[in-house]
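Chemist: Take a look at the letters that make up each chain.
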Amino acid sequence: MMDISALLDEIKAAPFREIVIATPHCGRVSFADLKPGDSVVGPQGQWKEKPGSHIATLEREHNPKPICALEKGEISLLHTELEGRFVEAGTPLAVLRHKLTREEVQRLILQKALHLFCAPERAKYYFIPEVDKKIRAADAHSVTVRDGMELLIMSRMKREVPLHYTGPDGVIYEIYFKINDNVNAGDPLIGVCPRDQLPVIQDVIMRVQTEWAEQG
Amino acid sequence: MVSRFSAQMCAPARVPTYVSMFGPAIIAFARRPHKGREMQGPWPCREIPLSKDDKQNRAQVELPLDEHRILVANRGEIAMRIMRACRKLGVAFTAVYTAEDAASGHVRFARDNGDGKGLFRVSSYHDANELMAVADIAGCTAVHPGYGFFAEDFRFARRVAKRDRKMIFIGPSWKIIRELGDKINTKRLARSLGVPTVPGSDRPIYDEMEAERIAKSVFEFQEQQGIQRPLVLVKASAGGGGMGIEEVYDPDQFRSVYRRIRSYAMRQFKDEGVLIEQRITDFNHLEVQVVSDRSGRNPVHFGTRNCSIQSTGLQKRIEIAPGFAPETLQYTFNAERVLTDIVDYSLAMARKVGYDNVGTWEWIVTRKGEPFLMEVNTRIQVENGVSACISRVHGKEGVDLIAEQIRIGLGQPLGYTQADIATEGVGIEYRLIAEDPDNNFTPWVGRIERFEWQDAPWLTLLTHVPCDGPYEIPTEFDPNLALAIIWGKDLDEARERGLAFLNSLRLEGRNNAGEPLKSNVGFLRANTGHILHF
Amino acid sequence: MDNNIEKRIQSLRDRLSYLQDIFAGKHGDNANLLHERLETFTERARWGQLDDPHSEMASLEDLFAYVEKRLEECITPMDKVRIVRHPQRICLRDILENVYDNFTEVGGQDEHSLDPSMLIARAVITRRSGKKTYTQSVMVIGQEKGHGAEFRNGGSVKPWGNAKALQYMRVAETEGIPIHTYIFTPGSYPIEDNPGAAQQIARNIYGMAGLRVPVVAVISEGGSGGAEAIGLADKRLMLSHGYYSVISPEGAAAIEGRIKAGMRATPELIEHCAEHLRITAQDNLAFGYIDRIVQEPPLGARPWHFDFFRHLRQEVIRATDEVVISTRRMPLLKGMALSRRRKPDANMEEMFMRWDLSASARERLRDRRQQKFLRLSRHAARDRRPFWTKTASAFWDWLSKPWRTFKYDFYRKHQRHIRAVLEEVDNEWEQLKSRMLAPWRRLTGKADSTAAAQAREELTALSAWSGEGRKSKWNYLSPRYKVDRTITCPNSASYGCLDLWGPDLFAEFAGVCSHCGYHFPMEPEWYVKNVFDAGSVFEFNSEIEAGNPLDFPDFAPRIAEAQKKTGARSGCMTFEARIDDIKMVVAMLMGTFRGGSVGAAEGYKFVEAAQRAAKKRYPFLAYVHGTAGIRIQEGTHGVIQMPRCTVAVRRYIESGGLYMVLYDTNSFAGPLASFLGCSPYQFAVRSSNIGFAGPGVIKETTGMDIPPKYHRSYRALSRGHIQGIWDRRQIRANLKQALLTIGGRNLYYR
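Protein chains in written order, with the working numbering: chain G, 498 to 713; chain B, 171 to 704; chain Y, 28 to 777.
There may be inaccurate statements among the hints.
Label-pair distances were calculated between CB atoms; the ranges are [as the list claims (entries may be wrong)]:
{"id": "1", "chain 1": "Y", "residue 1": "Arg483", "chain 2": "B", "residue 2": "Tyr376", "range": "47 to 55 Å"}
{"id": "2", "chain 1": "G", "residue 1": "Ser639", "chain 2": "Y", "residue 2": "Asp383", "range": "37 to 45 Å"}
{"id": "3", "chain 1": "Y", "residue 1": "His444", "chain 2": "G", "residue 2": "Ser639", "range": "55 to 63 Å"}
{"id": "4", "chain 1": "B", "residue 1": "Ala272", "chain 2": "G", "residue 2": "Glu507", "range": "54 to 62 Å"}
{"id": "5", "chain 1": "Y", "residue 1": "Gly203", "chain 2": "G", "residue 2": "Pro540", "range": "29 to 37 Å"}
{"id": "6", "chain 1": "G", "residue 1": "Ser639", "chain 2": "B", "residue 2": "Ser433", "range": "23 to 31 Å"}
{"id": "7", "chain 1": "G", "residue 1": "His559", "chain 2": "B", "residue 2": "Leu499", "range": "28 to 36 Å"}
{"id": "8", "chain 1": "B", "residue 1": "Asp422", "chain 2": "G", "residue 2": "Pro540", "range": "27 to 35 Å"}
It should be emphasised that the hints constitute simulated quantities derived from the structure, not laboratory data.
Backbone N, C-alpha and C fix where the C-beta goes; we use that ideal spot for every residue, glycine too.
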């Protein structure tokens, strides 16, 4: 049994995270009307269907694209010197000071409670098509995994290798990787909750719900 | 001296300044004949009607080389070769890299040798939008795609040529890429010129009865040829890259395989068309290196290559120029004849389509010495250097096909004819790769800690791996580490020197688990003995 | 205080608050006067200060009646909207109790019902003829607002409520009893759960277009699709204080004022819209969309207006009688019976007439109903065809009818027989030939080597290749391909699509993301030129133009602008075309013309196209490039297209035709809930959105947030609303395939 209170206290001691907002690709930057100290919000709405606060616009090949905040927070740094300039991919534009949300805390603690299936190699990972379809249609919780089942495709060096899941049977509770992103060897790919562990997981969620105050 | 006129005749405004490795011939030519003569020259100026793109490119053709700037739309070893060629020609360049590649040698090379606009970080080499945006901001006038990525993407070439700020695509014109990029088109073009192709259908078959009839005759055809175990290949005509291909060894099985491929093709490519061909198993893989300037009328070749030593995944590992060595080795067929045939066929096709840059005609040659055209690669290839190392233009060494590609790509005439090209000796190219040949050539991932070799005048080593410090192999790309090109005056000397090189090589590293590096050096060494043997 | 007085005071209080409510602050002095007098009276009555409470009460009531009558004269359309929405307004249960002699609710009971907002009852009417009494059954179907009871959902019927209505209409048809429908709905409840708001309404309309029993509809609150779901009737009566409209005035104001979510239109704008949408009974009578007005007491009927119920009873009986009479064959008797009933003082109670019909009368009833709807609203479209064109085409129709009958009904049938015989003969001949030639063949069969050479030739030499596979170019490219810019695929976040280059996307890719297959909208021309055989498209009726039949303020220039922008005269293009020589008639709703909204002109052209397809025995394809619904600025001229076009489609299908619908981009509301949704073969192009109401409207009417992608074609497919999803690049091939398989060899006849 893990000590949720201790974990929570640990997180409470340092409840902030610095988020660097960088350009996803090249282009010319123009900033929205913001200044350091302003608060911004992440995606809103019941299904997160409304994008977060507009931070800047990046225009490439006559196609202006908004760059929006992905999390709630306060702008601590804004590279306004880049206004109107062409920047390379991955150039930092702003830094957000973000207080962990209940969900994030939950994720952090769940990472300790769930069975983590980790990346064996640095590579890009995808779910096999059948699983991917299921997840897109419903959500990850709908996928049951068994030991030895073919679950992911590991793509690296232009080779795609099927990856078999190892660990206890259960449902996929969390997905830790994003499409097209490289995952380092040893980083978790998915968090699996064995069926008999579900009450424990529910307990974690309850505890976080009650003990993590989300304000301002 | 035929080909060189057209580019200028169409663009007579100013004299381009040539930079060439083959000094006298071209400089002499640069003193251009007076105007009256070109208009009435014996070669009709507009035999190939100029498309709108060509007219656009013409404007840039007028630029002298030193006013051009080339976007090097690639990474690693080839990016470095392109940048070196640019420097040789006095052309400015702009390189790109991604965050994963920050430690690659090509980034360092660009930083050390480029100007203020010499290097940009992009999100991906696969994103044409990034490349266009960088090209615009750096003021590039041309784009060199290298090999892989966008090299054979006619849409990319078309975009380069047709966008509002037009540039030159260093490669054949997009229409040629499109035409020769299509398997069926290429096969039909070949057949229309009497160039031999793999026996079978040359158009998509939609009808089951017809498919069965063709399959039956392909089986019978092979039996007549005395082939012991005839095989038929069924492939989705819209497919590519090994997708939707299946072998049939039993005529009775054909129908079920055909139906499977057909429905796969329908699902995958929305087209039910299927190709039915003979499956050839016992063959050598040969190539013809073709070079032609923008006139497209007088292609020359730089000889043949043999690329038969491959990994189990059919990736080339050793390439040798020339394609056979009839004077040293015994063949069951007239190898000399085969080599001249495939060269002639290749040039005939190049002439027919008005091929206007470098390209490679890929052939398979059966044990009986029958050549069949496989496909045309409308790009510079990895192994171009092995042809260059045995080539002599006007008797001079130091041929650089990439520099030639850029020069003619930017609109300069070739400046020499086939008669000026000769070959000498044998070249071997080894591809050094961190992989495990014993385990299905699985790539090895980790950090290279030591990479040394014994330099020699007959050796050219091309690599993007820095030798002065450890290097983490990025996982996003081909696992190629280096190319070693070895020249010898004959096959024996080349083999000897090749082994000497491989023996001098020190390639060490460790992965995350602390295991030592695996490489294909052993595989290369083991195969050096029987190169050019059929 | 007298108990009776107290009750009457309460009733006056109700009348006063009703009056205040429906005028929404207007006529305040009158209300104040009544209020003052009522309070004084109450005060005095409480302290017993009245000499003759009953006569004073009566005079107070007279005063109320007087004021109400005076205010009645200055009632505005918006006041009527407030009247029908008022909880004191009569509702269907009041009618069942007061108009009919007895009834049994059959579609559930109060809140314990599949959908409490749809009330269904078997009711009886007793009539006397001489000494005999006759009891006649009817099926009563209508929305129940229940005086504001929460569970009735304000008469906003859910899809399954409408399905229930259709089920009982079918029951009535089986039993051969008339149907009385009572329309008390602000509109249907816009949810897509199976059977789906739009698709169910479409089924209802399609069903009603073919009912073989008399149907009489009474409209109190006729809100668009919800009203049409039970409104396609032989006789349509309308209460004098009701409204019948394409959209609520608030909805219209929101659209007119381009109001964004969360904002409210000003009361002035709403009032303005209510006035110009021409939603009152008088307006609709003038347009011909209702047959008669049932006069209500001043300021509208309330449950205590017993005279009104008697009057309504007379009217529905009269209407039912008239419908029955109209199916009679003898013109003279018919005229007499009708005129007797049309006398204003006729007492229907004493004029008995049987309401069941003979088999042939049922057919006539149905045909009359269909013809009636087909005739409606033609005047509301601008027909710019020159007089002689119309005459010539009518003459040609008349002339070619016998020829068509000969060709399709006689020749085709026998042609098949002849062909069958010929095939048989040919077969026999081949058999005979091969037997006779066998010895000769055996002699010449040695020429094997030439066969081998031939086979070799076939496998190694260039083969002939013609046919469609070779050219893969589009005949039409979106003009957007000329712009050098990139476009971001909306799915890029979830599928990692790279930006697409416009010239690739809008030309070679046919507007489809090459990575994830997302479909960007294309122009209607793209389909016209790329789906059908080149040069086979022949447009007809292009001279029928969209206009502004209601003279809606500032609308004419907007229509003119749309015409200029698109080069089309209306939002519906009708043409004949071929796919690989399969001929068909196509009606295309163009999303580029005012959102593809359907008004009188579009409906007119759609009906004409369906009739043309029937005449020529061609398959009929409705290609919905996009439709935002009924054109609200045309009011009921637009709404009436729902039943009209559905009738046309039903007639076409029943004559043996193949009617297919293909949706693209966004298809919503009225058209979907009628002539599109009723097709048994509906397909959608990927990335199309299909539904009854858009997310904004759903939020507005139900207060629910709906998930993103709620209306996506894949959802519609899962809900069973459509039959399949096609890739845009495959439309041509899929259409051909569908025509060949669904239409069979003969394509037209079932």
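Chemist: Decide, hint by hint, whether the structure agrees.
Modeler: Structure-based check of all given hints:
1. Evaluation of the 47 to 55 Å hint for Arg483 of chain Y and Tyr376 of chain B yields a failure: the beta carbon distance comes to about 23 Å.
2. Against the hinted window of 37 to 45 Å, the Cβ-Cβ separation of Ser639 of chain G and Asp383 of chain Y comes to about 56 Å, which falls outside the hint.
3. Between His444 of chain Y and Ser639 of chain G the beta carbons are some 58 Å apart, a value that agrees with the proposed interval 55 to 63 Å.
4. Between Ala272 of chain B and Glu507 of chain G the beta carbons are some 34 Å apart, a value that contradicts the proposed interval 54 to 62 Å.
5. For Gly203 of chain Y and Pro540 of chain G, the hinted distance range of 29 to 37 Å is not satisfied, since their beta carbons lie about 60 Å from each other.
6. Restraint check, Ser639 of chain G to Ser433 of chain B: a C-beta distance of roughly 28 Å satisfies the suggested window 23 to 31 Å.
7. The beta-carbon spacing between His559 of chain G and Leu499 of chain B, approximately 59 Å, falls outside the hinted interval of 28 to 36 Å.
8. Judged by the Cβ atoms, the range 27 to 35 Å given for Asp422 of chain B and Pro540 of chain G is violated: they are separated by roughly 59 Å.
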